[in-house]
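Protein chains: 2
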Amino acid sequence: MSASVVPEIEAANGKYASQFTKGDLPLPPGRKFLVVACMDARLDPARALGLEEGDAHVIRNAGGRTVDALRSVVISQQLLGTREIIIVHHTDCGMLTFSEGDIRAKIRDDLGEDADHIAFLPFGDLKKSVLDDIQLLKKSPLVLDVPITGYIYDVKTGKVEKVET
Amino acid sequence: MSASVVPEIEAANGKYASQFTKGDLPLPPGRKFLVVACMDARLDPARALGLEEGDAHVIRNAGGRTVDALRSVVISQQLLGTREIIIVHHTDCGMLTFSEGDIRAKIRDDLGEDADHIAFLPFGDLKKSVLDDIQLLKKSPLVLDVPITGYIYDVKTGKVEKVET
Numbered sequence: 001m002s003a004s005v006v007p008e009i010e011a012a013n014g015k016y017a018s019q020f021t022k023g024d025l026p027l028p029p030g031r032k033f034l035v036v037a038c039m040d041a042r043l044d045p046a047r048a049l050g051l052e053e054g055d056a057h058v059i060r061n062a063g064g065r066t067v068d069a070l071r072s073v074v075i076s077q078q079l080l081g082t083r084e085i086i087i088v089h090h091t092d093c094g095m096l097t098f099s100e101g102d103i104r105a106k107i108r109d110d111l112g113e114d115a116d117h118i119a120f121l122p123f124g125d126l127k128k129s130v131l132d133d134i135q136l137l138k139k140s141p142l143v144l145d146v147p148i149t150g151y152i153y154d155v156k157t158g159k160v161e162k163v164e165t
Numbered sequence: 001m002s003a004s005v006v007p008e009i010e011a012a013n014g015k016y017a018s019q020f021t022k023g024d025l026p027l028p029p030g031r032k033f034l035v036v037a038c039m040d041a042r043l044d045p046a047r048a049l050g051l052e053e054g055d056a057h058v059i060r061n062a063g064g065r066t067v068d069a070l071r072s073v074v075i076s077q078q079l080l081g082t083r084e085i086i087i088v089h090h091t092d093c094g095m096l097t098f099s100e101g102d103i104r105a106k107i108r109d110d111l112g113e114d115a116d117h118i119a120f121l122p123f124g125d126l127k128k129s130v131l132d133d134i135q136l137l138k139k140s141p142l143v144l145d146v147p148i149t150g151y152i153y154d155v156k157t158g159k160v161e162k163v164e165t
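As you go down the protein sequences, you meet chains A and B in turn. According to this note's numbering, the residues represented by the first sequence are 1 to 165, in order. According to this note's numbering, the residues represented by the second sequence are 1 to 165, in order.
Pulled out of the complex, with its shape left as it was, chain A reads as follows:
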C-alpha cells in the first residue's frame, strides 16, 4: 500500500502552527453564519468564500445535503448563535454519478454487507438538489427562520452561482 499521509500532515501543521496568530478567537462564529457544503476535494469553502479562522461554521458531507447536516445546524443555531445559512453544491459532483441501488449493490458485492438502511442521498439535478435542501431547512420545525442562500460552485472556474428560488 501507499505511504501514510500522516508525516506530510504533521509537517504542514507544524508550519501552520509556527505562524499561528489567532489563538484568542471566541467559540461562537464571529460572522454568525454557517455553511453547508459538499465534501468534494476540489472545493475549499474557506478560500472560495473568503472565510478566515473564527468566521463561520462549516458543515460538509457527500453532496452538501442538509438533511444529513440537521444535527449540526440545530447545534450551531441553538448553542452558538448563527443566524444565516449558505448552501454550496458544485458541478461534476460524485452524487450525480450513481443511484441508491448502485451503491447498495456495490457494497453487497464488495463487502458482503447490506446497506439498505442507509440513504446515500444521490441526486440527478444540481439546481434541484440545492432547492430541495433549502426547502428541507425551511420546513424543519427545528431550524430557525433565517436567510438561506444556495449556490452551485463551478469546479472549472472557481465561481459560485446563486440558485434563484
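Don't take each hint at face value.
What the hints assert, rightly or not - In silico EDC-like links for lysine to aspartate or glutamate, alpha-carbon gap of 20 Å or less:
{"#": "1", "chain 1": "A", "residue 1": "22", "chain 2": "B", "residue 2": "154"}
{"#": "2", "chain 1": "B", "residue 1": "22", "chain 2": "A", "residue 2": "109"}
{"#": "3", "chain 1": "A", "residue 1": "159", "chain 2": "A", "residue 2": "125"}
{"#": "4", "chain 1": "B", "residue 1": "156", "chain 2": "B", "residue 2": "92"}
{"#": "5", "chain 1": "B", "residue 1": "127", "chain 2": "A", "residue 2": "10"}
Hints were generated in silico from the structure; no laboratory data involved.
Since chain A is already given, all that's left is putting chain B on it; use the hints.
Below, chain B without anything else, positioned relative to chain A:
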C-alpha cells in the same frame, strides 16, 4: 437584523475565481484520504493540515463525530477511492458544554418542539471522543480496514496532537 453575508461572500468569491488556476482537477481526491473534522469556525482543516484543492475529502459536523459522517465515509471509499482517514476534534469544543438533555430542553423551551429523536452527540472528554470515533469506524462492516489517525487540534496554538490508541 444584521446585514446578510451574501455580498461579502460573493465579492470574496469573485476575487478567488479571478486567480483560480485549478480547473482541471479530477473528481477523486488526489492524495486518497478523507478528513472528518469538527465544524468549529476556528478550525480550518485545509490550512491547518496543508490541503490544496483536489487533495482530500473533508467531512465536517458538530464535534467531528464519525457516526454522523458514515454515509459520506462509505461514498468516499466505495466510489472515490480514499484509503486513509484523519479525524480532528479540538480543544474548547462546544460539544463539551452541554448534554443531550440540555439541548432538548432548550429546543422545547425556545421552539416548542420535541427533539428527542435526534442524538446530538455531545461528549465529556476529548481524547475519549476521538478514540470512540476511531473505534466506531473500525467496527463498522461498511468501512474498509484502512489506517485511521486521530488528532486533537489546539485552538490556542494551531497545533494538532496525535491521540495514541
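Okay, the hints, checked on the actual structure:
| no. | hint | result |
| --- | --- | --- |
| 1 | 22/A with 154/B | 11 Å, holds |
| 2 | 22/B with 109/A | 35 Å, violated |
| 3 | 159/A with 125/A | 19 Å, holds |
| 4 | 156/B with 92/B | 9 Å, holds |
| 5 | 127/B with 10/A | 18 Å, holds |
Consistency note: the structure conflicts with earlier hint 2 alone.
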